[in-house]
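Student: Based on the sequences and whatever the hints tell you, model everything.
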Amino acid sequence: MVRKHTIDVPPVQKRSYRVTADALGRWAYHCHLLYHMEMGMFREVRVEE
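Here the sequence shown is numbered in full-length UniProt numbering, starting from 1 and rising by one per residue.
Hints in this document: simulated from the structure, not taken from any laboratory.
Quick caveat: nothing in here was measured; it's all calculated off a predicted structure.
Some clues are possibly wrong.
[Claimed, not checked] Quick list of the computed label-pair ranges, beta carbon to beta carbon:
#	residue 1	residue 2	range
1	Thr20	Phe42	18 to 24 Å
2	Phe42	Gln13	15 to 21 Å
3	Pro10	Glu49	32 to 38 Å
4	Glu48	Pro11	20 to 26 Å
Think of the CB as a built atom: it goes at the ideal place given N, C-alpha and C, for glycine as much as any other residue.
Tutor: In structure tokens:
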């Protein structure tokens with residue numbers, strides 16, 4: 001089951017999507033698998049006025 005803040009991305013695939021940024025601040029954009037995070041699937045998203 002896909003949750004509200006989850007996007008399924010099969011191996012070696014890409015997904016495009018839109019996000020409504022409704023809260024200011026610094027947010028993590030990442031995969032919950034530690035190996036994937038170590039391979040670069042962890043980024044910071046900054047929402048500013």
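Student: Give a verdict on every hint.
Tutor: Each hint, compared with the structure:
Evaluation of the 18 to 24 Å hint for Thr20 and Phe42 yields a pass: the beta carbon distance comes to about 22 Å. About 19 Å separates the C-beta atoms of Phe42 and Gln13, a value consistent with the hinted range of 15 to 21 Å. Between Pro10 and Glu49 the beta carbon distance is about 36 Å. The supplied range of 32 to 38 Å therefore holds. Between Glu48 and Pro11 the Cβ separation comes to about 34 Å, which falls outside the hinted range of 20 to 26 Å.
Violated hint: 4 only; the structure is consistent with all others.
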